[in-house]
Amino acid sequence: MKPFRYERANGVASACASAAKPAAKFIAGGTNLLDLMKLQIETPAHLVDINALPLGGIEETPQGGLRVGALVTNSALAADMSVRRRYPLLSQAILAGASGQLRNKATTGGNLLQRTRCPYFYDTTKPCNKREPGSGCAALAGLNRMNAVLGVSNNCIAAHPSDMAVAMTALDARVETIAPDGATRTIPIDALYRAPGDTPNIETVLAPGELIRSVVLPPPPAGRQIYRKVRDRASYAFALVSVALVVAHDNNRVQAARVAFGGLSYKPWRSADAEATLAGAPLTRASYDAAGMAALKNAHGYGQNDFKIPLARRTLRATLAQATGTI
Amino acid sequence: MHNESVALTVNGRRHALDLDPRVTLLDALREHLGLTGTKKGCDQGQCGACTVIVNGQRINSCLTLAVMHAGDEITTIEGLEEDGDLHPMQAAFVRHDGLQCGYCTPGQICSAVAVLAEHKAGWPSYATADVATAPALTDAEIAERMSGNICRCSAYPNIVAAIREVAEGGRS
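Those sequence lines, one after another, are chains A and B.
In terms of this note's numbering, the first sequence opens at residue 1 and continues consecutively.
In terms of this note's numbering, the second sequence opens at residue 1 and continues consecutively.
Take the hints with a grain of salt, since some may be wrong.
[Unchecked claim] Using 30 Å as the maximum straight-line C-alpha spacing, the simulated DSS-like pairs for lysine-lysine come out as follows:
1. B:40 x A:126
2. A:38 x A:25
3. B:40 x A:2
4. B:40 x A:38
5. A:25 x B:40
6. A:21 x A:2
Keep in mind that the hints were calculated from the coordinates and are not lab data.
Take the sequences, apply the hints, and build the full model.
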């Protein structure tokens with residue numbers, strides 16, 4: 001690990017000011033950042049520890065939703081009774097990720113800001129445009145089984161590994177931030193992540209020193225919520241594909257559906273096309289397959305990850321069947 | 001770069017340390033306090049051998065900086081026994097032969113002690129069919145909750161048996 005200056009922040013304004021300096025970073029749970037620092041992939045000169053800041057707690061909003069503090073741990077969020085009763089999708093997704101030990105340290109804000117990554121990001125003997133801009137992408141013609149098939153570029157095909165963020169995307173969560181100048185803004189979670197394009201090293205729209213304060217969940221949408229994760233091991237593995245689904249239906253037809261995928265892109269992949277295809281559609285296998293075709297119509301495989309495209313379609317079909325009790 | 005002063009409370013004893021901020025909690029325990037029960041396996045949060053209990057919650061001590069734990073109550077495998085008597089979870093691991101080489105065992109036991117506390121608090125897991133309910137601690141629940149602790153000797157059946165016995169109130 002490279003040497004760094006350690007600062008325990010005691011106020012939001014001073015924390016943002018410190019983190020806005022070159023080569024400075026916030027640290028909360030640290031589970032992803034410290035792992036990368038040990039490998040000297042992350043080399044901050046200054047760490048700003050925000051754990052003492054008043055950014056905890058889960059509270060009801062006047063609109064009937066929930067505001068989740070950035071420092072609420074993944075464990076605490078998944079175990080919260082309001083979340084379990086009203087946003088079971090979110091509890092399921094969090095519990096599908098990492099291990100009990102990691103969820104006890106990982107925070108809400110930190111989970112959103114974990115690095116979008118692939119094995120070549122960790123392998124310092126290989127080119128990686130995310131780690132070293134301009135060096136190339138070893139994953140394009142390499143071991144790309146875990147990589148993305150939607151929304152990425154020939155400069156980077158890494159996938160965002162969060163499960164929590166996939167559920168939050170299906171729930172239309174909003175991310176509340178504060179900047180070093182004190183300005184606050186609210187970012188729809190779907191707009192938090194930047195497509196890799198020519199600059200895969202820049203992963204979010206956040207400015208230097210901009211701090212996530214909280215995540216707001218609007219009131220839960222009507223319908224059944226299910227998070228379904230497909231992975232190589234039964235537990236403690238990244239998704240090959242996951243589906244966050246909210247579906248309202250009557251006896252014959254889908255009334256409304258929300259569909260977000262994990263494991264397919266640089267961000268949780270919300271599919272407006274799948275949702276439009278499902279709205280009003282009969283509860284049939286043909287409808288579910290049509291939604292899958294719509295969701296993956298622009299997908300592109302890179303060889304070893306070609307299987308993710310049919311797997312995503314089939315996982316969506318299975319999740320729809322499970323949620324509606326059909327086929 | 002300069003050292004940071006931090007007071008760590010480990011197994012009820014307070015230790016004043018002067019540490020390079022790069023020192024992980026794991027290395028502080030092992031190298032600075034001589035508490036070598038906590039093991040370094042992968043050093044990247046994958047294996048669980050370094051699991052300790054901080055403020056009642058299990059964490060990977062390899063993925064956290066020691067300087068971030070001023071004022072926290074840290075419990076390691078050395079702190080589980082009471083007056084020379086093994087903690088019930090330690091005794092159950094011995095009784096059920098929940099190990100072969102033993103390297104992962106301190107982490108397994110710390111994790112298992114915390115798993116029972118999490119279950120008692122009603123926390124669901126990925127194995128819980130309805131997350132709004134407090135599930136029974138089935139073998140499937142124990143396996144899922146312990147998935148952050150790897151045992152290369154594959155003593156899993158006996159580890160699960162030991163945890164189940166303690167969960168059910170003791171020796172069966």
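- Query: Which numbered conditions among the earlier hints are violated in the structure presented, ordered from lowest to highest?
  - Reply: Of the numbered hints given earlier, the structure breaks none, since each of them holds.
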